[in-house]
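*Asks:* Protein chains in written order, with my numbering: chain A, 104 to 221; chain B, 104 to 221; chain C, 104 to 221; chain D, 104 to 221.
By construction, these hints were calculated from the structure, which means they are not laboratory data. Don't take every hint at face value.
If chains are identical, the list can't say which one is meant, so a pair holds when it fits in one copy or spans any two.
[As the list claims (entries may be wrong)] Here are the computed lysine to aspartate or glutamate pairs in the DMTMM-like style, where the Cα-Cα straight-line distance is at most 20 Å:
no.	residue 1	residue 2
1	LYS208	GLU121
2	LYS196	GLU162
3	LYS196	GLU121
4	LYS196	GLU146
5	LYS163	GLU146
6	LYS163	ASP194
Just so you know, these numbers come straight off a predicted model, no measurement behind them.
Protein chains: 4
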Amino acid sequence: MADSLDHLNQRLLRFARERDWEQFHSPKNLAMALAGECGELLEHFQWLTEEQSSTLAPEKRRAVAHELADILIYLIRLSERLGVDLIAASDEKIAINEARYPAHKVQGDARRASEYDD
Amino acid sequence: MADSLDHLNQRLLRFARERDWEQFHSPKNLAMALAGECGELLEHFQWLTEEQSSTLAPEKRRAVAHELADILIYLIRLSERLGVDLIAASDEKIAINEARYPAHKVQGDARRASEYDD
Amino acid sequence: MADSLDHLNQRLLRFARERDWEQFHSPKNLAMALAGECGELLEHFQWLTEEQSSTLAPEKRRAVAHELADILIYLIRLSERLGVDLIAASDEKIAINEARYPAHKVQGDARRASEYDD
Amino acid sequence: MADSLDHLNQRLLRFARERDWEQFHSPKNLAMALAGECGELLEHFQWLTEEQSSTLAPEKRRAVAHELADILIYLIRLSERLGVDLIAASDEKIAINEARYPAHKVQGDARRASEYDD
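Sequences are here, hints too, so could you generate the full structure?
*Replies:* Shown next as structure tokens:
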């Protein structure tokens, strides 16, 4: 794992072990916890316009930063439990997306791949 | 941003710009997209037992790795748009959790902070 | 349960039993499945403006209707497993919200209850 | 809409109008709010075993009932805004599922439709 992600991974392993919490950290449970944090992220934006979401007050931005952190934290735990290299998987996925959405074909048009007429 | 996250961030900026997709990438929209990917992650685990979720077949594990990548991808885009340092925010959040859940108090007990009797 | 919800509940019980699927329908799993469907709902809206979301093409509206149905289906199964009266709980929750957000105090202002200055 | 759902729908319309909140209730925003509530539902179950999720203490069950209510509330608002008949859509979806997962083929086996060998 990358140095900074690995640093976080080590802190999180220690955190879970000190508290005897690894027993709760099945991938199934970690996926649920991650989704729970996603819900908290959404709640910050649900009544805002897109414009307002781009110009958050400092205090709100700080709260959102902590929700993003919560999500990254569970992503790292899940990757550790499943033996997944998050960075490598992300590079692969971007390559897949580059092929699935060729720039010339999807200029300024954000439908799903299956919704484009060939 | 850390080198590997910064590498992904640069690829993602280029990806969005080549396709004139930045117009869709308000933080509000990115948060929705991230949550959409969380839903896809959950679907892989919803009927599995915790045990089964820890022993995925290679093909399933690969699919899950791509869902984790999708989530990281949106996390990085969101952080870029909001000017959030994901790693720093995560270090802060772990410190907050260490204080909120002192090891001696929560051994083997995974309730929410507010559910512990003092 | 209300007549129409009860009708759906009976169809869903029969559906699960005919397939020997009740074994997978712990409340934990059903909650995950419900959240998975929420993710699918979000994906229909993530790149749309609020305006576009109010004026869906018929085919898109039909797809969204089926996502809403999927969510209701899991809500009904969860209520059945937990012995919850969905309608009564909803009436209670609306009453709680009416008290928590008095009309005179929150006119045209959609922050969370805790964010209002007293 | 069915009598009880229609009753809730009327209460919710009145609730939103009294507070001048309809302006925030685009389908996009309502979908986000619904997903936010799903996240709260998941948080109740994330560290529980499937067994524990089936035997909730009364106070926890009551809290979960209110989360289910929150989700139904947003489902009803969304249906109202989109002109969707929730009950009819659910009956349709169950019929689609009955065809997609024939009982003889999927006995005791809960993979997704696309994962079954023909």
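*Asks:* Tell me, please, which holds for LYS196 and GLU162 at an alpha-carbon limit of 20 Å: within, between, both or neither?
*Replies:* For LYS196 and GLU162, the Cα distance is within 20 Å only across copies (15 Å; inside one copy 33 Å).
*Asks:* I want to check one pair: LYS196 and GLU146. Are their C-alpha atoms no more than 20 Å apart within a copy, between two copies, both, or neither?
*Replies:* between (28 Å within a copy, 18 Å between copies)
*Asks:* Is it within a copy, between copies, both, or neither that the alpha carbon of LYS196 lies no farther than 20 Å from that of GLU121?
*Replies:* between (35 Å within a copy, 17 Å between copies)
*Asks:* Checking LYS163 and GLU146: alpha-carbon separation at most 20 Å within a copy, between copies, both or neither?
*Replies:* within (12 Å within a copy, 22 Å between copies)
*Asks:* Within, between, both or neither: how does the pair LYS208, GLU121 come out at a Cα-Cα threshold of 20 Å?
*Replies:* Close across copies (11 Å), not inside one copy (52 Å); limit 20 Å.
*Asks:* Regarding LYS163 and ASP194, is the shortest C-alpha distance of 20 Å or less found within a copy, between copies, in both, or in neither?
*Replies:* between (31 Å within a copy, 19 Å between copies)
Comparing the model with each earlier hint shows no violations; every hint is respected.
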